[in-house]
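Asks: Quick mapping for you: the protein sequence lines, in order, are chains A, B and C.
This note's numbering numbers the first residue of the first sequence as 1 and each following residue consecutively.
This note's numbering numbers the first residue of the second sequence as 1 and each following residue consecutively.
This note's numbering numbers the first residue of the third sequence as 1 and each following residue consecutively.
FYI, nobody ran anything at the bench for these hints, they're computed from the structure.
Everything hinted at is true.
Lysine-lysine pairs mimicking DSS-like chemistry, simulated, CA-CA at most 27 Å apart:
id: 1; chain 1: C; residue 1: K47; chain 2: A; residue 2: K79
id: 2; chain 1: C; residue 1: K164; chain 2: A; residue 2: K79
id: 3; chain 1: A; residue 1: K13; chain 2: C; residue 2: K155
id: 4; chain 1: B; residue 1: K92; chain 2: C; residue 2: K212
id: 5; chain 1: A; residue 1: K91; chain 2: C; residue 2: K155
id: 6; chain 1: A; residue 1: K79; chain 2: C; residue 2: K203
id: 7; chain 1: C; residue 1: K19; chain 2: B; residue 2: K92
id: 8; chain 1: A; residue 1: K79; chain 2: C; residue 2: K205
id: 9; chain 1: C; residue 1: K155; chain 2: A; residue 2: K79
id: 10; chain 1: C; residue 1: K19; chain 2: C; residue 2: K159
id: 11; chain 1: A; residue 1: K91; chain 2: C; residue 2: K47
id: 12; chain 1: C; residue 1: K19; chain 2: B; residue 2: K101
id: 13; chain 1: A; residue 1: K257; chain 2: B; residue 2: K26
id: 14; chain 1: B; residue 1: K104; chain 2: C; residue 2: K19
Next come the chains, spelled out residue by residue.
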Amino acid sequence: MDVQINAALNGIKNLRASVSNIFETAITAEGTFLLEESIACVTQNFKETETCINNLNAPSVPFTLGNTSYLNYETDLEKQNMYNELVNGYKWYEKTHQYSAIASTLLQHNSLKRSYFSSSNKRRRLLTGAHTVPPKHVDHLISTFNVNNMQLKIYRPFATNAFLHINLSRVLKAAIILRGLMIEWVTVKGFNESLDNVDDHWSESRYEVFRRVQKAAHSAMLHFYSPTFAELAIRSFITWFGSYSTLFSEPCKMCGKHLLNALPPTHRDVRSLDPTHEECRK
Amino acid sequence: MGVTILVPYPLDNKKTGPEVVEELSKRLLAMQATQTGHFLVDGDVFESSFNKTKIHVMHNSEYPASVFSILDNGQKQIPLITDLIFDLLMLKVNPIYASRKQLKIESKGPRFELGDFLVKLGSVTMSQSQTFKGLLIEVDYRPCLIPIICWELIREFLQGFLGQYSPTTIPVYFTNSVPNPHHPVPYQKSNDTYQPIDTVQQYLEHFNNYRKQTIALMMGPNK
Amino acid sequence: MTSENQPIAAMDSLLQASKVNIIPNQEYLLQGSILDVQVQRLLHRLKGLCDNVETAPEQFHDYEACFSLRNIADEQAIHTAPLLLRVRRSNDPADSHMPWQLRYVGNPELGDTKRPTLVRSCFDISCSPSIMEFLTEMGCRLEFEYTVRGYLFRKGRMKITVSKIFRPMNQEPLSGSYLVELSLLAPVGADAVAEDMRVFAEKLKPLVILEKIDHRRIAPN
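For reference, chain A alone in the conformation it holds in the complex (with noise of 0.2 Å):
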């Protein structure tokens, strides 16, 4: 029973997720080919999805809600509200037992890491390192940072890893994923593009120009890197990365010009932080 509901569900999702692909495709796409093929999709995932609704029968005993049915009892109207409570709680626990065994699954398969990690279940001794700095020492070291234009604000989504969000002198934002003080990931974005949403920070810029930036923010990143000094690393990155306030007023210095193939100069020299053009720079 279990397995019918969970495929009927997954029917539904793929269906979804078609019809969505649906709309992207009619946004983005020149020729009707494309289009025609997701609808041919959506028809398939339509016939599964009904397949596996026809595989579905009512139940014929009622669910035993074990304990929580004696909440069926409850007259006091303040303590009605505990059965909503529990199944939140439920749906909770249920989605972190899940998340986690994907997440295991995932970080043994990966052998390119930046930092150490161990699932055996023996206790060992925690090493130090840049990614295992605790979190107020991580606040205090980014309240101490002041570079001109640059409003520095912190979020923590996932617990203890901070999100570092940027605001540089209304010309754009970024954010920088932070794992104890090493730097895992920037975004860049517009300054009129969202970064509130979690999932904000793994999709790209929709202007060529920031796509430019955070490609250039990335392999800053790891010229910075620096196992031993993490917190020179971070400041010279954020100092460095301080230099974008000019993006779109200073011209390269290389060819003096604004523009090229219709970009502003995206990179900055990690010494001397002078905007150049990708193309100028020799």
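Fit chains B and C to the supplied structure of chain A, relying on the hints for placement.
Replies: Frame of chain A, contents of chains B and C only:
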């Protein structure tokens, strides 16, 4: 949405409007731009039956779900942004505010994308007879929101594409000082975050110029 | 470059949409009231009947102002009913980025006894906060204003609000009871929804009796 600069393109008598649009389109395509459909900006005027108040109701195909209205009572302008259904409401206020059909103006033409730039070549026509009035070129630099920061960059772009006809200074719309409701010192649009209504207001200024020219022409022979 | 990809003027597409009746511009409405002391029971009942179980009841705290527009140039028109426009915005600071709401409400049609609900034409228009100044400059007169606090429920397309009206100046309640409204916005010709509303209103009896109420009869003049 980003900073948009609207420039009228002067027409000499050598070339007609469609010819210039054709030529500029070719130039843009040679610069590796891609044409992405057409655009349309239109403006209606509703005039009060008992005083001089005018309501300009405008649409911009870049924001297809919005209506931009600007109320002009001679002393100040009040902008209002609403849903499309506002148009139906304007039909309800009809006898009190009546539509001046002969003053309806639209600017339409091809829309191009070049990297983060958006270029629109608009042919301006007026009233139901669709009389051709001139050309308005719209350049939108989408990543940036503060006009003063990216003006030099846009100027360079305009120069590369319009040559001698490109403007050398930022349009007056951005340098006029605007009273600030929260602060005694007036501010300039050039240092403020750009809003879609700013594009519409630039269009309105140019549309009103065309309207004045037409009215002056109509009055001219009588004098 | 075919004529197909030319953008259609906004007004034309809107008139087209209203011709094929896809713009929800009719409001179906039933109203009633309940004493303050009994309101918890009603909320509890609604919580069981409505859709938004996990989040219900959704609370709101709004400000509303009513404007009227008369044609003062026309002698004849002075005796006809003025155009009424309502502006509503949330008082909750968390909603400060939400658009304001402009609402045009036409004259109510009660119909005969067979028709289960009151029907009136209605436009709900989201707008920017400049609407107050805009309407004032347009020549509209502020008729009255109030704040309203209450709870919102949904059942399918139906909207159920249980709310209390306060004077805007001193936040003093206007009466000792809550206003209960059951409403639905639909395009012209969707009369079948009125029947669903009647059935739903039946379920709330005898806690609250929802009826068609003719506002013109209870007006002071």
